[in-house]
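Quick note on this note's numbering: the sequence shown kicks off at 2 and runs consecutively.
Please note: incorrect hints may appear among the correct ones.
Unchecked claim - Simulated restraints on C-beta separations:
1. K48 x E71: 12 to 20 Å
2. K99 x K48: 35 to 43 Å
3. Y65 x K128: 15 to 23 Å
4. K23 x G98: 38 to 46 Å
5. K128 x E105: 37 to 45 Å
Think of the hints as simulated: they come from the structure by calculation, not from any bench.
The beta-carbon is built from N, C-alpha and C at its ideal position, and this holds for glycine as well.
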Amino acid sequence: MKRIITYGTFDLLHYGHINLLKRAKKQGDYLIVALSSDEFNEMKGKKCYFSFEERKKLLESIRYVDLVIEETNWEQKIHDAKEYRVEKLVMGNDWEGKFDYMKEYCEVVYLPRTPEISTTKIKNELKLT
């Protein structure tokens, strides 16, 4: 079984997120989503509309997602790759090159984002930021 992992906040879940998850799942057999905790998002300067638990429930309801785990810090990616026997890390291409250090532990793929949508765009248009 080929295990894939991706990381993110997935706040205000939208079709760009679904596109990424669908394409990530096509990279293997089992998709793990490491979801940023509320505390980690706070450390990154992000304010979420939905809580971690609400975002986790949303992700768990998506057919492409097999497992949701909590992301609590930047450094856990190596640990996750080893613990979950991950063969491929998939991220949006807005992170291009940022996780190349993971190539020592698994394949790294950066997928194109859905250009016309983002959580930031939604928040700005709704004046939530």
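* Asked: Of the hints given before, which are not true for this structure?
  -> 2, 3, 4
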